[in-house]
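K.L.:
Respectively, the protein sequence lines represent chains Y and P. Residue numbers for the first sequence follow this note's numbering, so the first one is 1 and each next one is one higher. Residue numbers for the second sequence follow this note's numbering, so the first one is 1 and each next one is one higher.
Hints may be right or wrong, so weigh each one.
Unchecked claim - Only part of the chain Y face toward chain P is listed, based on derived beta-carbon distances under 8 Å:
no.	residue
1	Arg-47
2	Leu-52
3	Leu-53
4	Tyr-72
5	Leu-80
6	Tyr-88
7	Glu-90
8	Leu-91
9	Phe-99
10	Ser-102
11	Leu-103
12	Tyr-104
As the list claims (entries may be wrong) - Cβ-Cβ distance ranges computed for the label pairs, FRET-style:
no.	chain 1	residue 1	chain 2	residue 2	range
13	P	Arg-85	Y	Leu-271	54 to 60 Å
14	Y	Thr-89	P	Val-120	24 to 30 Å
15	P	Ser-98	Y	Pro-163	47 to 53 Å
16	Y	His-16	P	Pro-171	25 to 31 Å
17	P	Arg-85	Y	Ser-23	42 to 48 Å
18	Y	Lys-28	P	Val-120	54 to 60 Å
19	Y	Ser-109	P	Phe-43	44 to 50 Å
20	Y	Gln-226	P	Ser-98	37 to 43 Å
21	Y	Asn-38	P	Leu-226	54 to 60 Å
By construction, these hints were calculated from the structure, which means they are not laboratory data. Source: prediction; values computed, not measured. In this text, a Cβ means the ideal position worked out from N, Cα and C, and glycines have one as well.
The primary structure of each chain is shown beneath.
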Amino acid sequence: MNAIEVNALTKYYGDHLAVNDISFSVKKGEIFGFLGPNGAGKTTTQRMLTTLLKPTSGQILINGHDIAHDAYPAKRVMGLVPEESCVYTELSAWDNLMFTSSLYLVSRSERADRARHLLETFDLLEKKDVKVEKFSKGMRRRLSIAMAIIHKPTLLFLDEPTPGLDAQSARDILGLIRQLNAEGTTVFLTTHLIEEANQLCDRVAIINNGKIAKIDTPENLKLSFQRVQSVEVSIKPNDHNYGEALGKLSGATSLVKMGDKWRLYTEDPSLLLPAIMKFAEESNISIVSLNTLAPSLEDVFLEITGKPVGAVKQEPNHKKPQKRGMGE
Amino acid sequence: MMQMTIQRLKNEFSQAWTVIVKDIRVYYLRPGMIMFGFLMPFFMFFSFSVRRQMEAGDGLARLLALTIFFTAAAAGPFIIPTERRVRTYDRLLAAPMSLITLLLGKIAVGAFFAIAVSTVALTAGLLIFKVTIAQPGFLALGLLLGSLAFSALGLIFGSIPTNNPGDVQMPSTLLRWGLMFISGVFVPLNEMVPAARIVAYFSPLTYAQDLMNHSVMGSGMINVWLDVAVLLLTSILLLWPSIQLHKRAQVLGN
Chain Y
1 MNAIEVNALT KYYGDHLAVN DISFSVKKGE IFGFLGPNGA GKTTTQRMLT TLLKPTSGQI
61 LINGHDIAHD AYPAKRVMGL VPEESCVYTE LSAWDNLMFT SSLYLVSRSE RADRARHLLE
121 TFDLLEKKDV KVEKFSKGMR RRLSIAMAII HKPTLLFLDE PTPGLDAQSA RDILGLIRQL
181 NAEGTTVFLT THLIEEANQL CDRVAIINNG KIAKIDTPEN LKLSFQRVQS VEVSIKPNDH
241 NYGEALGKLS GATSLVKMGD KWRLYTEDPS LLLPAIMKFA EESNISIVSL NTLAPSLEDV
301 FLEITGKPVG AVKQEPNHKK PQKRGMGE
Chain P
1 MMQMTIQRLK NEFSQAWTVI VKDIRVYYLR PGMIMFGFLM PFFMFFSFSV RRQMEAGDGL
61 ARLLALTIFF TAAAAGPFII PTERRVRTYD RLLAAPMSLI TLLLGKIAVG AFFAIAVSTV
121 ALTAGLLIFK VTIAQPGFLA LGLLLGSLAF SALGLIFGSI PTNNPGDVQM PSTLLRWGLM
181 FISGVFVPLN EMVPAARIVA YFSPLTYAQD LMNHSVMGSG MINVWLDVAV LLLTSILLLW
241 PSIQLHKRAQ VLGN
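So that you can see chain Y by itself, here it is in the shape it has in the complex (with noise of 0.2 Å):
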């Protein structure tokens, strides 16, 4: 049985389609990531698989339970981290997590000691007995954590656990969550952050426009994605002119400067790389460093999306511009 099972699954805001008949399944113990630019359906449908929003049409089965029947043995093996942190900032975090065990009938027994143990691992007892509005954002992030985990859910939601951490933070969380499924818990983790998917999980949804594009593990939507390999150059000296000529060789598809280097991709390196440097010698420039580099998962979800992230994307004006990315 799956933990989780989603059947032509769709959501209406009025007028407005935010998801498009969707289906996928989690399996027991996997980390799956829930892929997508901002606005793709992403939070939509971890709204769905939690309860917290009704379906226009489709099936949810969690533990082969039909949510829209009967919700309550869903909810009980369930634990929600939602986006925000959102934790009690007039309480302690040990009243923040007293709460919480309550609610989710944590035998009073074991309440203290599942706190103590929880606060301990993620670092806060110390400020157990500080109020909350005094955390910094990745210490009431560790908090939303410990209070969705203390009754033991085997299925755990977390809705972009990281942005707006500092490093530290965001690495702690990530290694906290890596712990979690190494002892059990199915988590099913929604992100527009790609290294942390690829990180982090078995198998990733790429969901775009409510509708999902490509599911497998990161290596597999790596190989398929051959054709975006790509020749990272750094060049000296580092003048743009260069640059915007290293995008007219012949075999780059287009060029994008990644800080003092540039990125030029291509569907056969082999043909790119002696253009590079023959370009080198012609031009009267050294080369810093060379590399070719497979398919990153940023650059499926690039070529899925269509969505840049974070860098300027130049195309050669050598030949017709092709184009990255099925949305563009």
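Knowing the structure of chain Y, use the given hints to seat chain P on it.
P.N.:
Coordinates of chain P only, in the frame set by chain Y:
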């Protein structure tokens, strides 16, 4: 099966109590609750009472009706939109308890607040103005039922799908003011023109005021058991619009 049902009911009761205790700790001392729930009925009462001659018992009956009405109805429109805004309401909705349990918990939060505030008014009436209570049993019943009924009324406004307490405070305050003027609090039923009296009979506050009159002064215009029945029915019936509004919010995604 029977055992499971009893266990589930016990669980739901315990969860409702958990919500009540949390709300009391988090919200009772918030400025919005103190302003609309605690100070407002006293302001209303004193602004009405200035330069009016009335018996101490009559004044206490009016003050008690005003406090249970204003205070109980203040909780829902303040607490739920605040929780929606900071998203803590999602935690409650996702928890393994029924919507009715959650809403009953929220009604109790408003009712307890109203009982506490009206106890302050009652204590002042007994100690300072030396009022004697004619029917203490009906007073206790009236405070309890009135608080539940008006908290359920406030809950309807709290259930309107919005993240902003200001969106619901305005209409809920308008309704409360309207009811206050038509319900025999400021102008007794026997002094109203017949048309106004007919309108007054449609307001639950009329029955709360009449029950307070029976309790404190020993007499009222309506049968005391009808007052009790109307307040009890109001408490139950006003839960229904809140359930429907919550279901609507689940569809709209608010």
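K.L.:
Can Leu-80(Y) be said to touch chain P, with a Cβ gap under 8 Å?
P.N.:
5 Å, holds
K.L.:
Falls inside 54 to 60 Å, the C-beta gap from Asn-38(Y) to Leu-226(P)?
P.N.:
58 Å, holds
K.L.:
With respect to the beta-carbon atoms only, verify the hint that Thr-89(Y) and Val-120(P) lie 24 to 30 Å apart.
P.N.:
28 Å, holds
K.L.:
Under the criterion of a CB-CB separation shorter than 8 Å, is Ser-102(Y) in contact with chain P as hinted?
P.N.:
4 Å, holds
K.L.:
With a cut-off of 8 Å, does the beta carbon of Leu-52(Y) approach a beta carbon of chain P closely enough for the hint to hold?
P.N.:
With Cβ-Cβ at 6 Å, under 8 Å, it holds.
K.L.:
Go ahead and decide if the range 54 to 60 Å is satisfied by the Cβ distance of Arg-85(P) to Leu-271(Y).
P.N.:
The hint (54 to 60 Å, Cβ to Cβ) holds, given that Arg-85(P) and Leu-271(Y) are roughly 56 Å apart.
K.L.:
Could you check the hint for me, namely that Arg-85(P) and Ser-23(Y) are 42 to 48 Å apart, CB to CB?
P.N.:
Check failed, 34 Å falls outside 42 to 48 Å.
K.L.:
Take the shortest C-beta to C-beta distance between Leu-103(Y) and chain P; is it under 8 Å?
P.N.:
5 Å, holds
K.L.:
Have a go at the Tyr-88(Y) hint: is there a Cβ in chain P nearer than 8 Å to its own Cβ?
P.N.:
Hint on Tyr-88(Y): holds, closest Cβ of chain P at ~6 Å, below 8 Å.
K.L.:
Hint Arg-47(Y) vs chain P: min CB-CB distance below 8 Å?
P.N.:
7 Å, holds
K.L.:
Minimum Cβ distance from Phe-99(Y) to chain P below 8 Å?
P.N.:
5 Å, holds
K.L.:
Using the beta carbons of Ser-109(Y) and Phe-43(P), state whether their distance is inside 44 to 50 Å or not.
P.N.:
48 Å, holds
Against the hints set out earlier in the document, violations occur for numbers 15, 17 and 20.
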